[in-house]
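Taken in sequence, the protein lines are chains A and B.
Using numbering that gives the first Met the number 0, the letters of the first sequence correspond one by one to residues 0 to 160.
Using numbering that gives the first Met the number 0, the letters of the second sequence correspond one by one to residues 0 to 559.
What the hints contain is simulated information worked out from the structure, not anything from laboratory work.
Glycine included, C-beta positions come from ideal geometry on N, C-alpha and C.
Careful: at least some of the hints might be erroneous.
Said to hold, decoys possible - Each computed BS3-like pair below joins lysine-lysine, with the alpha-carbon atoms no more than 30 Å apart:
id: 1; chain 1: B; residue 1: LYS338; chain 2: B; residue 2: LYS352
id: 2; chain 1: A; residue 1: LYS61; chain 2: B; residue 2: LYS324
id: 3; chain 1: B; residue 1: LYS352; chain 2: A; residue 2: LYS65
What the hints assert, rightly or not - Output of the computed footprint for chain B on chain A, the stretches with three or more beta carbons under 8 Å from beta carbons of chain B:
id: 4; segment: 12–19
id: 5; segment: 53–60
id: 6; segment: 64–77
Each chain, written out:
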Amino acid sequence: MSHTISALVLNQPGVLARVAGLFSGRGFNIESLCVAETLDPSTSRMTIVTRGNDQVIEQITKQLNKLVDIIKVVDFFGSDYVDREMILIKVTAESSSRAEILRIVDIFRGKIVDVTPKSYTIEVSGDENKIRAIIDLLKPMGIKEVVRTGKVAISRGSKGI
Amino acid sequence: MKKTGAQILLESLQLEGVDTIFGFPGGSVIGIYDALFNSPIRHILVRHEQAAVHAADGYARSSGRIGVCLVTSGPGATNTVTGIATAYMDSIPVVVLTGQVSTGLIGNDAFQEADIMGITRPCTKHSYLVKDVKELARTIKEAFYIAGTGRPGPVLVDLPKDVIADSAEFNYPESVNMQSYNPTYRGHRGQIQKAFKLILKANRPLIYAGGGVISSNASEELTTFARTLSIPVTATLMGLGCFPGVDDLSLGMLGMHGTYRANMAVTNCDLLIAIGARFDDRVTGKIDGFAPNAKIIHIDIDPTSISKNIRVHIPIVGDAKDVLKKINKLIQEEKEDWKSIRREWLDQIFQWKNTYLLAYEQKDVIKPQYVVEKIYEITKGEAIISTEVGQNQMWTAQYYHFTKPRTLLTSGGLGTMGYGFPAAIGAQIAFPEKTVIDIAGDGSIQMNIQELATVAQYNLPVKIAILNNRYLGMVRQWQGLFHNKRYSHTSLEVSPDFVKLAEAYGAVGLRATKPEEVVPTIEKALSISKAVIMDFVVEQEEDVYPMVPVGAPLKEMLLV
Ligand SMILES: Cc1ncc(C[n+]2csc(CCOP(=O)(O)OP(=O)(O)O)c2C)c(N)n1
Ligand SMILES: [Mg+2]
Numbered sequence: 000m001s002h003t004i005s006a007l008v009l010n011q012p013g014v015l016a017r018v019a020g021l022f023s024g025r026g027f028n029i030e031s032l033c034v035a036e037t038l039d040p041s042t043s044r045m046t047i048v049t050r051g052n053d054q055v056i057e058q059i060t061k062q063l064n065k066l067v068d069i070i071k072v073v074d075f076f077g078s079d080y081v082d083r084e085m086i087l088i089k090v091t092a093e094s095s096s097r098a099e100i101l102r103i104v105d106i107f108r109g110k111i112v113d114v115t116p117k118s119y120t121i122e123v124s125g126d127e128n129k130i131r132a133i134i135d136l137l138k139p140m141g142i143k144e145v146v147r148t149g150k151v152a153i154s155r156g157s158k159g160i
Numbered sequence: 000m001k002k003t004g005a006q007i008l009l010e011s012l013q014l015e016g017v018d019t020i021f022g023f024p025g026g027s028v029i030g031i032y033d034a035l036f037n038s039p040i041r042h043i044l045v046r047h048e049q050a051a052v053h054a055a056d057g058y059a060r061s062s063g064r065i066g067v068c069l070v071t072s073g074p075g076a077t078n079t080v081t082g083i084a085t086a087y088m089d090s091i092p093v094v095v096l097t098g099q100v101s102t103g104l105i106g107n108d109a110f111q112e113a114d115i116m117g118i119t120r121p122c123t124k125h126s127y128l129v130k131d132v133k134e135l136a137r138t139i140k141e142a143f144y145i146a147g148t149g150r151p152g153p154v155l156v157d158l159p160k161d162v163i164a165d166s167a168e169f170n171y172p173e174s175v176n177m178q179s180y181n182p183t184y185r186g187h188r189g190q191i192q193k194a195f196k197l198i199l200k201a202n203r204p205l206i207y208a209g210g211g212v213i214s215s216n217a218s219e220e221l222t223t224f225a226r227t228l229s230i231p232v233t234a235t236l237m238g239l240g241c242f243p244g245v246d247d248l249s250l251g252m253l254g255m256h257g258t259y260r261a262n263m264a265v266t267n268c269d270l271l272i273a274i275g276a277r278f279d280d281r282v283t284g285k286i287d288g289f290a291p292n293a294k295i296i297h298i299d300i301d302p303t304s305i306s307k308n309i310r311v312h313i314p315i316v317g318d319a320k321d322v323l324k325k326i327n328k329l330i331q332e333e334k335e336d337w338k339s340i341r342r343e344w345l346d347q348i349f350q351w352k353n354t355y356l357l358a359y360e361q362k363d364v365i366k367p368q369y370v371v372e373k374i375y376e377i378t379k380g381e382a383i384i385s386t387e388v389g390q391n392q393m394w395t396a397q398y399y400h401f402t403k404p405r406t407l408l409t410s411g412g413l414g415t416m417g418y419g420f421p422a423a424i425g426a427q428i429a430f431p432e433k434t435v436i437d438i439a440g441d442g443s444i445q446m447n448i449q450e451l452a453t454v455a456q457y458n459l460p461v462k463i464a465i466l467n468n469r470y471l472g473m474v475r476q477w478q479g480l481f482h483n484k485r486y487s488h489t490s491l492e493v494s495p496d497f498v499k500l501a502e503a504y505g506a507v508g509l510r511a512t513k514p515e516e517v518v519p520t521i522e523k524a525l526s527i528s529k530a531v532i533m534d535f536v537v538e539q540e541e542d543v544y545p546m547v548p549v550g551a552p553l554k555e556m557l558l559v
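The whole structure should be built from the sequences, with the hints applied where relevant.
And the structure:
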């Protein structure tokens with residue numbers, strides 16, 4: 000089962016290495032990992048998407064909590080939360096397909112961020128389903144490159160983690 | 000007034016109550032060594048950095064204090080890795096101070112540069128690179144705090160040469176303020192209540208005690224708990240000594256080379272109370288066969304140990320001492336005749352005990368078990384014993400009845416050959432008056448034999464008893480049992496003459512080749528106030544029994 004885990008960590012060198020090392024050393028898998036500073040520059044927020052049975056996920060959250068530089072860990076699984084991912088797609092745009100691509104981008108509320116006579120570069124953000132859908136729709140046009148940020152997530156409601 | 004980084008470091012150590020450090024100098028720490036020259040801190044010059052960590056570890060295990068070692072950058076630092084991993088696996092509080100190249104050179108492949116933080120990240124509890132002398136005092140404070148609290152473990156502090164030379168005002172922080180590190184000491188009352196109810200209802204309860212009982216200094220509480228409710232106790236290798244090994248309720252060690260009665264008791268109990276233990280594979284055997292009919296209560300300070308290998312019914316996160324105190328308070332009210340309530344269960348265990356006693360037959364060649372048994376008798380169980388790894392370690396666990404915590408120093412988790420001798424040095428430094436004996440194998444002892452020079456230099460009367468079977472015995476035993484006796488590269492055909500070797504280093508060497516020489520040899524060694532190597536030429540192909548083969552359930556023990 001895929002779980003989205005959010006960790007508040009001290010913004011210190013080596014924290015990422017500790018987290019990555021924990022996953023590789025214990026054979027846990029990482030589907031995606033996103034890190035950036037929070038409002039408070041002394042802390043960072045990590046969003047980790049991982050997969051495993053209940054026992055594995057329990058170990059992952061406990062092991063993360065045990066790292067001295069980690070302040071708080073929340074597994075969003077089963078709770079109400081929003082997750083988003085941003086994706087940049089470079090797609091072949093021949094004159095025959097340009098209009099169709101623009102229409103798809105429009106439907107997905109994406110943006111064209113770069114144009115050449117032969118290609119469009121598109122920016123879209125959304126949840127997993129939306130990202131998958133746009134990739135599927137653009138595939139027939141010829142996708143040259145895809146770059147994804149990985150997921151970020153936040154709980155719904157007024158409270159923070 | 001400003002002080003140099005080196006002065007700040009040493010004064011911080013003193014404020015942490017450090018009286019001794021184990022170390023080995025080099026270019027990047029020469030400034031610290033200069034400050035040590037007239038510091039009240041005692042420095043023990045080992046002959047290999049691995050031994051510095053093991054000695055600090057032995058000092059910590061035997062005394063309950065934090066062990067400290069100091070080494071130079073690069074090769075000095077990389078030589079500590081096995082020592083650090085050993086301490087990490089057994090949760091021993093050690094602070095490892097490593098030199099580092101100057102901050103401007105880090106990342107440059109500078110001379111004697113090693114990314115020791117990176118190398119040791121998976122085997123330290125935490126680590127620091129001090130980049131600014133102003134951070135040094137706080138870092139040392141935190142390092143000691145982290146090493147010694149919660150589930151203890153090694154903490155590494157990497158000290159660049161320029162930071163040590165730089166100066167700053169010295170203010171040692173009074174307390175630690177870390178928002179991200181708060182170990183849970185106090186057990187949850189509701190969980191303790193639930194556990195208590197289960198304990199009262201159980202018909203065949205069993206305590207499974209591990210090293211956590213020793214690190215939390217909870218032996219007294221454990222003993223009260225077990226004796227009040229007449230609950231038998233089995234201990235892991237790391238837990239030996241946490242409950243008197245000679246008590247009627249003691250079943251000895253469990254697991255791969257555990258006693259028959261302990262393994263049978265685990266298999267048949269209806270309630271297993273795990274305290275400061277982590278369900279290691281050498282303890283559980285095949286997991287499905289481990290306490291298959293039991294409800295499990297697990298008390299541990301480290302949440303990651305709970306439900307890692309086996310599902311438990313009542314987890315209690317907390318310090319063993321605190322939790323046991325609370326349980327003991329609850330049981331005071333229950334004035335039942337626990338002895339008679341337990342009679343059936345204890346009778347059953349007694350039967351198991353008589354079905355298969357640990358035994359060996361002493362004929363004309365010295366049996367290694369006999370040597371351990373005699374060391375136990377002659378020292379009356381009062382010595383501090385360290386071991387190497389292999390058969391020597393298991394026979395020590397089986398035949399030396401540890402009655403007090405912190406009297407057995409052994410590498411349980413990592414199984415590090417070469418641990419025992421330097422660990423004995425650390426213990427001897429902590430307890431100059433006590434008898435400290437390393438029960439060794441002829442293979443393992445050669446892995447840190449150079450420390451004979453250290454014991455000579457500091458007049459440490461450490462005793463080494465080599466169970467010399469001319470084999471890497473434990474591996475040979477496996478080859479015998481599982482590889483058709485194909486003794487591939489386990490024969491130690493050539494070893495030094497250990498008696499002469501001892502003499503070469505200024506120690507005393509004694510050899511026993513006949514059973515009747517064993518007792519006089521031990522007695523003589525103990526009467527000498529110098530380091531002594533006792534070379535016991537023992538039966539070559541003696542095996543350790545009982546033995547649960549890897550992957551089998553505990554009840555499937557190979558007996559002799
Ligand atoms: C550093 C290290 N290398 C290899 C091993 C694997 N090993 C486990 S026991 C053993 C044999 C030890 O031989 P010896 O010290 O003579 O002890 P004995 O079993 O004969 O008592 C070996 C090689 C180990 N535990 N540690
Ligand atoms: Mg041997």
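These are the hints, each one checked on the structure:
1. B:LYS338 x B:LYS352: holds (18 Å)
2. A:LYS61 x B:LYS324: holds (26 Å)
3. B:LYS352 x A:LYS65: violated (41 Å)
4. 12–19: holds (count 4)
5. 53–60: With 3 residues in contact (Cβ-Cβ under 8 Å with chain B), the coverage given for the segment 53–60 of chain A holds.
6. 64–77: holds (count 6)
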